[in-house]
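Please put together the full structure from these sequences, using the hints given.
Chains as they are written, first to last, in the working numbering: chain U, 1 to 155; chain C, 1 to 155.
Heads up, a few of these hints could be off.
Identical copies look the same in the list; a pair holds intra-copy or inter-copy alike.
Listed next, the in silico BS3-like pairs over lysine-lysine satisfying Cα-Cα at most 27 Å (straight line) [said to hold, decoys possible]:
id: 1; residue 1: K88; residue 2: K105
id: 2; residue 1: K118; residue 2: K3
id: 3; residue 1: K3; residue 2: K105
id: 4; residue 1: K143; residue 2: K18
id: 5; residue 1: K59; residue 2: K143
id: 6; residue 1: K132; residue 2: K102
id: 7; residue 1: K3; residue 2: K143
id: 8; residue 1: K143; residue 2: K102
id: 9; residue 1: K143; residue 2: K14
id: 10; residue 1: K105; residue 2: K143
id: 11; residue 1: K105; residue 2: K132
id: 12; residue 1: K32; residue 2: K3
id: 13; residue 1: K3; residue 2: K59
id: 14; residue 1: K32; residue 2: K143
id: 15; residue 1: K88; residue 2: K102
id: 16; residue 1: K14; residue 2: K132
id: 17; residue 1: K132; residue 2: K32
Everything labelled a hint here was simulated from the structure, so no lab data went into it. Source: prediction; values computed, not measured.
Protein chains: 2
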Amino acid sequence: MGKVFLFLDTITNKVDTKGRVSLPADYREIVKELSTDIVCYRSLTAPCIEGCTENLLAKLASEMENSLDFFSQAQDNLTNLIFGDARKFGFDSTGRIVLTEKLLKHAQITDSAVFVGKGRKFQIWNPENWAKEEARIRNDALKNRPSLTFAKENN
Amino acid sequence: MGKVFLFLDTITNKVDTKGRVSLPADYREIVKELSTDIVCYRSLTAPCIEGCTENLLAKLASEMENSLDFFSQAQDNLTNLIFGDARKFGFDSTGRIVLTEKLLKHAQITDSAVFVGKGRKFQIWNPENWAKEEARIRNDALKNRPSLTFAKENN
DNA sequence: TGGTATAACATGGGAAAATATGGTAATCAA
DNA sequence: TTGATTACCATATTTTCCCATGTTATACCA
Numbered sequence: 001m002g003k004v005f006l007f008l009d010t011i012t013n014k015v016d017t018k019g020r021v022s023l024p025a026d027y028r029e030i031v032k033e034l035s036t037d038i039v040c041y042r043s044l045t046a047p048c049i050e051g052c053t054e055n056l057l058a059k060l061a062s063e064m065e066n067s068l069d070f071f072s073q074a075q076d077n078l079t080n081l082i083f084g085d086a087r088k089f090g091f092d093s094t095g096r097i098v099l100t101e102k103l104l105k106h107a108q109i110t111d112s113a114v115f116v117g118k119g120r121k122f123q124i125w126n127p128e129n130w131a132k133e134e135a136r137i138r139n140d141a142l143k144n145r146p147s148l149t150f151a152k153e154n155n
Numbered sequence: 001m002g003k004v005f006l007f008l009d010t011i012t013n014k015v016d017t018k019g020r021v022s023l024p025a026d027y028r029e030i031v032k033e034l035s036t037d038i039v040c041y042r043s044l045t046a047p048c049i050e051g052c053t054e055n056l057l058a059k060l061a062s063e064m065e066n067s068l069d070f071f072s073q074a075q076d077n078l079t080n081l082i083f084g085d086a087r088k089f090g091f092d093s094t095g096r097i098v099l100t101e102k103l104l105k106h107a108q109i110t111d112s113a114v115f116v117g118k119g120r121k122f123q124i125w126n127p128e129n130w131a132k133e134e135a136r137i138r139n140d141a142l143k144n145r146p147s148l149t150f151a152k153e154n155n
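The following block contains the structure:
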């Protein structure tokens with residue numbers, strides 16, 4: 001198997017008045033190795049920002065082209081939702097990206113942001129919101145261990 | 001994987017009295033990198049302008065040649081409509097295209113236009129119309145999360 | 001093991017470049 | 001010539017880039 005790239009760990013960084021925040025060094029390493037870019041968009045299901053590589057999004061675009069026809073309504077809605085919200089975020093020589101007002105507002109982020117690894121994707125949270133979310137997830141996991149295990153191995 | 005080209009994000013630009021509007025810089029970058037042109041036509045299904053690269057239309061034309069039975073007669077008619085309606089739009093040194101009266105009228109655009117990325121394609125909307133459309137799509141997505149989730153995780 | 005040197009990283013601020021947009025001049029067709 | 005279209009210039013704003021500094025993590029040596 002080739003080299004493995006996963007967004008891991010949970011890292012808190014400061015957000016300055018320009019919306020700038022350091023992308024964790026490990027994440028930058030993935031971007032460089034894969035010669036891709038980071039893409040971020042508003043999570044559909046949670047008050048957080050979601051990110052992945054542009055490669056992953058391109059893969060999604062290709063699959064949608066192959067599985068749905070050129071004029072389908074379903075494809076129309078999906079592409080608007082996903083690609084219309086997503087945006088590339090290149091980082092400068094010091095490793096920072098500039099988050100947009102739209103994203104910051106959706107995640108209720110002001111002066112501090114938490115990066116949470118999710119494997120192929122990652123999320124960016126307001127610290128307080130993440131603390132609550134993590135507690136909730138851990139609690140659920142204890143109650144539903146079988147289904148959680150199944151879901152985690154299934155990819 | 002080679003370099004990736006996707007129309008992303010949602011960007012609002014002004015339209016002046018001549019119909020001039022700046023093509024978002026990221027979109028121009030795609031055109032330059034692929035040495036192609038932007039093609040626009042009236043959307044068949046929504047009150048908006050639809051755009052893509054000339055390359056993509058060429059691909060569509062090729063697919064029709066190579067797999068005649070792949071496309072139904074109905075879709076064949078639709079592609080005729082698109083090719084008949086589509087026109088190339090080159091941008092000037094400052095990055096602006098000039099939208100035609102026909103397109104502007106179809107999309108009810110007057111002094112402001114919203115570019116919405118759709119991956120291989122993009123759309124141009126009247127701002128108010130787009131706000132409504134986006135709300136509708138997001139609402140639908142939340143109701144139909146299973147199919148959306150499947151598409152997003154399926155790679 | 002403890003301490004120090006070194007490197008990597010995060011962060012604040014300002015300079016430089018890119019972008020959007022209004023206006024004017026040149027070009028072309030009728 | 002006249003109206004329309006296209007190309008070009010000017011400027012304000014936004015975004016990006018780069019330098020400087022403080023902080024944290026890592027490596028090295030006594």
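Here is how each hint holds up against the structure:
1. Taking CA atoms no more than 27 Å apart as the test, K88 paired with K105 passes inside one copy only; the shortest distance there is 18 Å, against 31 Å between copies.
2. Taking the shortest Cα distances, K118 and K3 sit within 27 Å of each other both inside one copy (17 Å) and across copies (24 Å).
3. Taking the closest pair of Cα atoms, K3 and K105 never come within 27 Å of each other, the shortest separation being 36 Å inside a single copy and 31 Å across copies.
4. Taking identical chains as interchangeable, the C-alpha atoms of K143 and K18 are never at most 27 Å apart, the minima being 42 Å within one chain and 36 Å between chains.
5. When the C-alpha separation of K59 and K143 is checked against a cutoff of 27 Å, the pair qualifies only between copies, where the shortest distance is 25 Å, while the shortest distance within a copy is 34 Å.
6. In this assembly of identical chains, the alpha carbons of K132 and K102 lie at most 27 Å apart whether taken from the same copy (22 Å) or from different copies (17 Å).
7. Taking the closest pair of Cα atoms, K3 and K143 never come within 27 Å of each other, the shortest separation being 35 Å inside a single copy and 38 Å across copies.
8. Only between protomers do K143 and K102 lie at most 27 Å apart by alpha-carbon distance; the minimum there is 23 Å, versus 35 Å within a single protomer.
9. Proximity of K143 to K14 under the C-alpha cut-off of 27 Å is found in neither arrangement, the shortest distances being 34 Å within a copy and 35 Å between copies.
10. Proximity of K105 and K143 under a CA criterion of 27 Å is satisfied inter-copy only: 23 Å between copies versus 33 Å inside one chain copy.
11. With identical chains, the CA atoms of K105 and K132 are at most 27 Å apart both within one copy (18 Å) and between copies (20 Å).
12. Taking the closest pair of Cα atoms, K32 and K3 come within 27 Å of each other both inside a single copy (13 Å) and across two copies (13 Å).
13. Both within a single protomer and between protomers do K3 and K59 lie at most 27 Å apart by alpha-carbon distance, with minima of 18 Å and 12 Å respectively.
14. For a Cα distance limit of 27 Å, the shortest separation of K32 from K143 qualifies neither inside one copy, at 39 Å, nor across copies, at 38 Å.
15. Taking identical chains as interchangeable, the C-alpha atoms of K88 and K102 lie at most 27 Å apart only when both belong to the same chain, with a minimum of 14 Å there against 32 Å between chains.
16. Proximity of K14 and K132 under a CA criterion of 27 Å is satisfied intra-copy only: 19 Å inside one chain copy versus 35 Å between copies.
17. In this assembly of identical chains, K132 and K32 lie within 27 Å of each other by CA distance neither inside one copy nor across copies; the values are 33 Å within and 39 Å between.
Hint violations for this structure: numbers 3, 4, 7, 9, 14 and 17, all remaining hints satisfied.
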